[in-house]
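Novice: Single-letter residue listing:
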Amino acid sequence: MSERRKGIGRRQVIAGFFALLGLLLIFNYAPQALAGDTVVTRIALAVPQPVIAFPSAWSLTIIGFVMLIAGSLGLTNRVQRWADISLWTSAVLLFPAILIWAAAGKQTNATVMLSESLRLGTPLALGALAGIWAERSGVINIAIEGMMLMGAAFGFAIFILTGQLWWGVIGAVIVGGIIALLHGLLSISFRTDQIISGTVVNILAIGITGYLRRQYIVTEGGGRVTLPSLSAIIANAGFPDLARSLEAIPIAGTLLFGGKPIFFAMLLLVVLTQVVLFMTRWGLRTRAVGENPKAADTVGIAVNRMRYINLFISGCIAGLGGAWFSLETVGNFDDGMTAGKGFIALAAMIFGKWMPFGAFGGAMLFGFAEALGTRFQILQVQVFGGPVPVQFLQVIPYVVTMIVLAGLIGRAVGPAAVGKPYEK
Amino acid sequence: MAQAATETGIRPSALRLFWDRWSGVLVPILAVFTALVVGAFIIGVTGADWQAAYIGLWEGAFGSPRAFADTVVRSTPFIICGLCVALAFKAGLFNIGAEGQLYAGAVASVVIGTTLQMPAIFHIPAALIAGALGGAAWAAIAGFLKARTGAHEVINTIMLNYIALRMTDWLIRSKTPYILGDPADTTGARSRLVAETARLPGIQVGSSTILHLGIPLALVLVFVVAWLLYRTTLGFEMRTAGTNPHAARYAGINVPRTIILAMAIAGSLAGIAGAIEVIGVRGALSADFFSGLGFDAIAVALLARANPVGIIFSGLLWGGLLTGARLMQVRASLSIDVIKIVQALIIMFVAADQIVRFIYRLPKRKPGEETQLSKGWGG
Numbered sequence: 001m002s003e004r005r006k007g008i009g010r011r012q013v014i015a016g017f018f019a020l021l022g023l024l025l026i027f028n029y030a031p032q033a034l035a036g037d038t039v040v041t042r043i044a045l046a047v048p049q050p051v052i053a054f055p056s057a058w059s060l061t062i063i064g065f066v067m068l069i070a071g072s073l074g075l076t077n078r079v080q081r082w083a084d085i086s087l088w089t090s091a092v093l094l095f096p097a098i099l100i101w102a103a104a105g106k107q108t109n110a111t112v113m114l115s116e117s118l119r120l121g122t123p124l125a126l127g128a129l130a131g132i133w134a135e136r137s138g139v140i141n142i143a144i145e146g147m148m149l150m151g152a153a154f155g156f157a158i159f160i161l162t163g164q165l166w167w168g169v170i171g172a173v174i175v176g177g178i179i180a181l182l183h184g185l186l187s188i189s190f191r192t193d194q195i196i197s198g199t200v201v202n203i204l205a206i207g208i209t210g211y212l213r214r215q216y217i218v219t220e221g222g223g224r225v226t227l228p229s230l231s232a233i234i235a236n237a238g239f240p241d242l243a244r245s246l247e248a249i250p251i252a253g254t255l256l257f258g259g260k261p262i263f264f265a266m267l268l269l270v271v272l273t274q275v276v277l278f279m280t281r282w283g284l285r286t287r288a289v290g291e292n293p294k295a296a297d298t299v300g301i302a303v304n305r306m307r308y309i310n311l312f313i314s315g316c317i318a319g320l321g322g323a324w325f326s327l328e329t330v331g332n333f334d335d336g337m338t339a340g341k342g343f344i345a346l347a348a349m350i351f352g353k354w355m356p357f358g359a360f361g362g363a364m365l366f367g368f369a370e371a372l373g374t375r376f377q378i379l380q381v382q383v384f385g386g387p388v389p390v391q392f393l394q395v396i397p398y399v400v401t402m403i404v405l406a407g408l409i410g411r412a413v414g415p416a417a418v419g420k421p422y423e424k
Numbered sequence: 001m002a003q004a005a006t007e008t009g010i011r012p013s014a015l016r017l018f019w020d021r022w023s024g025v026l027v028p029i030l031a032v033f034t035a036l037v038v039g040a041f042i043i044g045v046t047g048a049d050w051q052a053a054y055i056g057l058w059e060g061a062f063g064s065p066r067a068f069a070d071t072v073v074r075s076t077p078f079i080i081c082g083l084c085v086a087l088a089f090k091a092g093l094f095n096i097g098a099e100g101q102l103y104a105g106a107v108a109s110v111v112i113g114t115t116l117q118m119p120a121i122f123h124i125p126a127a128l129i130a131g132a133l134g135g136a137a138w139a140a141i142a143g144f145l146k147a148r149t150g151a152h153e154v155i156n157t158i159m160l161n162y163i164a165l166r167m168t169d170w171l172i173r174s175k176t177p178y179i180l181g182d183p184a185d186t187t188g189a190r191s192r193l194v195a196e197t198a199r200l201p202g203i204q205v206g207s208s209t210i211l212h213l214g215i216p217l218a219l220v221l222v223f224v225v226a227w228l229l230y231r232t233t234l235g236f237e238m239r240t241a242g243t244n245p246h247a248a249r250y251a252g253i254n255v256p257r258t259i260i261l262a263m264a265i266a267g268s269l270a271g272i273a274g275a276i277e278v279i280g281v282r283g284a285l286s287a288d289f290f291s292g293l294g295f296d297a298i299a300v301a302l303l304a305r306a307n308p309v310g311i312i313f314s315g316l317l318w319g320g321l322l323t324g325a326r327l328m329q330v331r332a333s334l335s336i337d338v339i340k341i342v343q344a345l346i347i348m349f350v351a352a353d354q355i356v357r358f359i360y361r362l363p364k365r366k367p368g369e370e371t372q373l374s375k376g377w378g379g
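Protein chains in written order, with the working numbering: chain D, 1 to 424; chain E, 1 to 379.
I should point out that these hints are in silico values taken from the structure, not numbers from a laboratory. This one's a predicted model, so the numbers in the text were calculated from it and none came from an experiment. Glycine included, C-beta positions come from ideal geometry on N, C-alpha and C. Honestly, I wouldn't trust all of these hints.
To be verified - Selected chain E positions facing chain D (Cβ under 7 Å, derived; list incomplete):
id: 1; residue: F94
id: 2; residue: A151
id: 3; residue: F295
id: 4; residue: V338
id: 5; residue: A351
id: 6; residue: R361
Chain D extracted, bound-state conformation (with noise of 0.2 Å):
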């Protein structure tokens, strides 16, 4: 779709969006602050202290005022560069409104939304830079939700053999390493169309850990064990005082001390992979099979021998994504577990525009709105007279995932080689 679109654009539907909610908050809220509303909303940084109150009322309507005046500058079309910016911290601000209004007359931990977001946005940052590690390098990685799955099951099913977590882990970043190559043997090898080979390596992994978990796990069981958090490894390591005076320290105690194994990880992951595809000899290698195959293998790179290698890593890192559900998380597996997060980390990749560090963001954007549905149920958010149905805030991540890639794909280029089976 390379024409030229008419009508309205991308811009002009964003800056209306915002310009929008800017009048529908201040038509909401502007009387009520007036009126001199007392209704205060509490953003805890730590408990018990430091507490910030808003008054709900003003801040909404000030957020409004902003919004509406990004909105008008995105629409009049003259001053591009204030218009971005504008349009760019309201979005920002998207946020604390939407905390602002959900906890008004109560009180919410901000620092544990920010904790909650960063976990959950874990396994969609792992499988967004599965993606661009396979990407990068020319192949389309549909795939990610079956190799998830098939490393969360196959990860249970070890650590139930072997008692002990950390072969789970292994196990799990081995057998997504495999399916990987499995996917790279249909569309290297045998040239299948890549996205059908990932929508058959992910039906075979729905067919295998199915199997896997009635014919074996059911019948084992296993204890709700999960990998210990980081103060929990230092209170083992002997030194449980240190643990307990570690966590209290406010917004990092919860955020880096209450972390987990496969979060850290990850973020060692978002790091190396930066430094490995942008810095080292075989970054450039990977990203030349990726943007022009012919070239690579006219300077003697071997082209379908890199793309098998960066596949291989690229389903490690999914399966590592995929303990993180059954190992980490749940501490048991069950079907379909993954709930599509491996497509919506797809999003969060298309959105970090194939960088590292972008993905990242965009996992924790989506991170963020899931953490925001279940914060919602905790602050029993009303809404036209009625509690929030739970399915409402179940959707959230879908929904954002739509309107993320609606908005971003076409601006964000991917690898140009990305989907094409290379031949001599």
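Based on these hints, arrange chain E on the given structure of chain D.
Specialist: Structure of chain E alone, referenced to chain D:
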């Protein structure tokens, strides 16, 4: 060896000629065969009796008139949803959203079936049309996003599947107020029953199976889709936009419009399948109605290589595998999921038909026959 014979100039054998001529049909058949062989190995490795399993599978699916009737009823949604995927496929769209579109259609037909009062002759078509419109609207979202913004339909249709599932669940389970849920039903797991006038008539086979009117309707739809694709301007436009959107644009075809239309028509098929399930088989809607159908529909379409008539057979195979699985489970004490593995293997061998062609020495696919869907994520 036959290869060597042709190369040395000796007349190729009759088998060789047969092999070359019918390779298009032979690939899916041999793929199924290979998948069953590999499946037998997997069953054997896990320590079960593969012969008992396969005999049970056959008898459970096709062994008796009742079993066959069950299979046919079970296959109907697969056939229609296979058509849905195939039609989108021909237009260059990979529609994984048959499941969500089916739910949307089912919800729409439940609304018509439970709220309106009219004679059957109007009520049944009304429910079916509602289903078609529901499915079309749901699919058109993904089509619109693809045409307008370039967002890839694969991710969007999957997201729409999850959304449709959750929304259906809410519509059924919501208690304050009741929306589609049945206050009389204590489990809260199903909607109100549709009116008798909206139920599809059919022939009773055995105690529980009804060969309903939706089955011949599915066959009619097969030919409607074939006609639409190969005998109409719209079908030509869709196929052109699917094979080469750039050429289509130069030929004056409105590609975005074609994409949206193709998705909507495909979605309307899945919606009809949902409506038929509601008014023909179950009489109500439940949230666990049809999970995983999106992928099954793809498999059915791929197995038939998106050929509408072929979908009748691949759909029957799919329904048969699932129907027979129950008896297989009893006979060989195997988990039903073995069938899922066999199904996945079938699609694997069909999708990567080079494997099958290599094993059975079938000629290579001619250039240009490949489907290419992965043109990146749009843009």
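Novice: Hint validation: A151(E) versus chain D, beta carbon distance must be below 7 Å. Holds or violated?
Specialist: holds, 4 Å
Novice: Restraint: A351(E) near chain D, CB-CB cut 7 Å. Satisfied or not?
Specialist: holds, 5 Å
Novice: Minimum Cβ distance from V338(E) to chain D below 7 Å?
Specialist: V338(E) check passes; min Cβ-Cβ to chain D is 6 Å, inside 7 Å.
Novice: Does F94(E) pass the interface hint, meaning its C-beta sits closer than 7 Å to a C-beta of chain D?
Specialist: Since the shortest Cβ distance to chain D is 6 Å, the answer is holds.
Novice: Return the status of the interface hint for F295(E): holds when the least beta-carbon distance to chain D is below 7 Å, violated otherwise.
Specialist: holds, 5 Å
Novice: If you take the shortest Cβ to Cβ gap from R361(E) to chain D, is it below 7 Å?
Specialist: Constraint on R361(E) not satisfied, violated at 16 Å.
Hint compliance for this structure: hint 6 is the single one not met.
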